[in-house]
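> Below are the chains, spelled out letter by letter.
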Amino acid sequence: MSRGLSVDPSDAVPLWKQIEENVRRLVASGALKPASVMPSVRDLARDLSINPATVTKGYQRLVDAGILVVRRGEGTFVAQKPPSLPRGEREKELEGGAMRYASLAVTLGAANEEAVEQVRGALKDLGKKKKDEDS
Amino acid sequence: MSANPSPAKTAAGASTAVVSVGSLVVRYGRDAKPTLEEISFSVPKGSVYALLGRNGAGKSSLVRCLLGQQKPTAGRCFLFGEDVWKRRARLMAKVGVVPEDPDAPPSMTARQLSAFCARIYPTWDAPAVEARLARFGVPAGTPYGNLSKGQRALVALALALASSPELLVLDDPTLGLDVVARRAFFEELVGELADRGTTVLLTSHDLTGVESMATHVGMLKGGRLILDEDLEALKSRFRRLRYANEATENPTRYGQELSDFDAVKVKVRGWGVEAVVSNYGDETFAKFAALEGVVDAEASALSLEEIFVAIAGEASPGRNA
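Protein chains in written order, with the numbering used here: chain A, 1 to 135; chain B, 1001 to 1321.
No lab work stands behind these hints, which were simulated from the structure alone.
Yeah, the Cβ is synthetic: ideal placement off N, Cα and C, and Gly gets one too.
Treat each hint with caution, since some may be false.
Cut-off 25 Å, straight-line C-alpha distance, at most; resulting in silico cross-link-like pairs (DMTMM-like, lysine to aspartate or glutamate) [to be verified]:
#, chain 1, residue 1, chain 2, residue 2
1, B, K1045, A, E114
2, A, K17, B, D1103
3, A, K17, B, E1283
4, A, K17, B, E1037
5, A, K128, A, E113
6, B, K1287, A, D43
7, A, K57, B, E1298
8, A, K57, B, E1188
9, B, K1045, B, E1283
Simulated restraints, written as ranges between beta carbons of each label pair [unchecked claim]:
#, chain 1, residue 1, chain 2, residue 2, range
10, A, P83, B, E1305, 46 to 56 Å
11, A, D47, B, F1116, 43 to 53 Å
12, B, K1287, A, P82, 58 to 68 Å
13, A, L94, B, R1087, 30 to 40 Å
14, A, A115, B, K1287, 14 to 24 Å
15, A, G96, B, E1298, 33 to 43 Å
16, B, A1131, A, D43, 55 to 65 Å
17, A, A122, B, T1284, 22 to 32 Å
18, A, G75, B, E1305, 52 to 62 Å
19, A, Q80, B, D1282, 45 to 55 Å
20, B, S1259, A, A79, 26 to 36 Å
21, B, R1054, A, D43, 20 to 30 Å
Stretches of chain A that chain B covers, calculated by requiring three or more beta carbons in the stretch to come under 8 Å of a beta carbon on chain B [to be verified]:
#, region
22, 26 to 35
23, 50 to 59
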């Protein structure tokens, strides 16, 4: 159930955020298909040996972002379609994500070209994975 | 070193605090150095509060005071807003405890222990004890004295949860447990948190387990609470910095370049300088990395264990002592 969803408690990134980012990545790469069922908070927390409140927080962010949907009594699912954000908000999200990545690259002492190259590579990887999953 | 125990946090939210400790002092003997000095903190409802400290830091005395087993020299401990020393019997009905070294009459079986407790606790759920023991694979009919250490800890957990406690106190519960028992212990704890949102106060040497489960961390050192903080906030402000130092002629020295940081620990290595800082921020770091003489600066995250070692771990007093 929690295939591909792993976390590292010793990382500086909070656990709920790791869950959020991992699910985003799995959805983006097609490893988690639209409308597929997510593990329950309890099951995922047990699998990962982490506090269930942490999973709840990560899921909640994904629900707020429109990546996951909760169907009462049935559970949590991957949304049918990628969320459509209002124009301004979409840009703000992209900008925020870019700033977070840029800060990381700077703290690791990466040169600008290297940082940009990594983004290109990551986008390519996601595209390739999605193709593999779809075929 | 400025490990501010964020005093604002202890005062706030006192109304929803399950545990609240105010200016607690414990001293054994009139002229002795206090074992606990002016300890104040609170455990918010629904949180998992990990109390850390090396052996002799005062954890056991604090836990005994919290459970009403010991009268503080000064200050008070409240559970659910009531003084635990005055209302011990009533308050303890709402608390489940797994002691550091669970003790029970060796001839009694887990089933007999459960039946015995059922007479004391009004909300005792004996079938739940049997179900948990079955899940753990611990025989309910074997005398306690014949069980392994791991099995005893799991029996203690099954008993502690049987009264559906509002507060669970775990005193280094996984110490000396094998991997399987430890895993079973944490799985059950996760289930309990998911189902009931129980408030947990735990002491532990197992910092990896704490890091996955805790929402708050308190750190005792030499009888003082040197840290009392949200785990996420704690981890976000600690970083290890590494850089080659070309500011001073002698590369084995470091100068003023770290002055914007609260450096908890600084070590000079062959290749440069390594420092642990407690007030990391992306902007402060960018400024620091751009300083003349600071070369190849890198910031990396610290695990809770590394943070613990950096502030409490060194046996010999460092430069900040």
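> Each hint should be assessed against the structure and marked as holding or not.
Comparing the hints with the structure gives:
A threshold of 25 Å between alpha carbons decides the hint, and for K1045 (chain B) with E114 (chain A) the separation of about 46 Å lies outside it, so the pair is violated. Between K17 (chain A) and D1103 (chain B), the direct Cα distance comes to roughly 41 Å. Violation of the 25 Å bound is thereby established for this hinted pair. For the hint linking K17 (chain A) to E1283 (chain B), the alpha-carbon distance of about 21 Å falls within 25 Å, and the restraint holds. Restraint check for K17 (chain A) and E1037 (chain B): the C-alpha separation of about 37 Å exceeds 25 Å, so the hint is violated.
The hinted pair formed by K128 (chain A) and E113 (chain A) meets the criterion: a straight-line CA distance of about 22 Å does not exceed 25 Å. With a CA separation close to 44 Å, the supplied pair K1287 (chain B) and D43 (chain A) exceeds the 25 Å bound. At most 25 Å may separate the alpha-carbon atoms for a hinted pair to count; K57 (chain A) and E1298 (chain B) exceed this at roughly 30 Å. In summary, the hint linking K57 (chain A) to E1188 (chain B) is supported, as the alpha carbons are separated by about 20 Å, within the 25 Å threshold.
Restraint check: the Cα-Cα separation between K1045 (chain B) and E1283 (chain B) comes to about 35 Å, which exceeds 25 Å; the hinted pair is violated. Remark: the range hint 46 to 56 Å for P83 (chain A) to E1305 (chain B) is contradicted by a beta-carbon distance near 38 Å. Taking 43 to 53 Å as the suggested C-beta distance range, the pair D47 (chain A) and F1116 (chain B) does not conform, at roughly 36 Å. A hinted range of 58 to 68 Å is violated for the C-beta pair K1287 (chain B) and P82 (chain A), which are about 38 Å apart.
One distance hint, 30 to 40 Å for the beta-carbon pair L94 (chain A) and R1087 (chain B), is violated here, with the actual separation near 56 Å. Between A115 (chain A) and K1287 (chain B) the Cβ separation comes to about 19 Å, which falls inside the hinted range of 14 to 24 Å. Remark: the range hint 33 to 43 Å for G96 (chain A) to E1298 (chain B) is contradicted by a beta-carbon distance near 24 Å. Our hint of 55 to 65 Å for A1131 (chain B) and D43 (chain A) is violated, since their Cβ atoms are close to 18 Å apart.
Range check, A122 (chain A) to T1284 (chain B): Cβ separation about 28 Å, and the 22 to 32 Å hint holds. Taken as a hint, the range 52 to 62 Å is violated for the pair G75 (chain A) and E1305 (chain B), whose Cβ atoms sit roughly 35 Å apart. Distance hint for Q80 (chain A) and D1282 (chain B): a CB-CB separation of about 37 Å, inconsistent with the stated range 45 to 55 Å. Under the hint 26 to 36 Å, the C-beta atoms of S1259 (chain B) and A79 (chain A), about 49 Å apart, miss the expected range.
Between R1054 (chain B) and D43 (chain A) the beta carbons are some 36 Å apart, a value that contradicts the proposed interval 20 to 30 Å. Coverage of a stretch by a chain is defined here by at least three residues with a beta carbon nearer than 8 Å to that chain's beta carbons; for the region 26 to 35 of chain A and chain B the count is 0, and the condition is violated. Counting residues of the region 50 to 59 of chain A whose beta carbon lies closer than 8 Å to any beta carbon of chain B gives 4, which reaches the threshold of three, so the coverage claim holds.
Consistency note: the structure conflicts with the earlier hints numbered 1, 2, 4, 6, 7, 9, 10, 11, 12, 13, 15, 16, 18, 19, 20, 21, 22.
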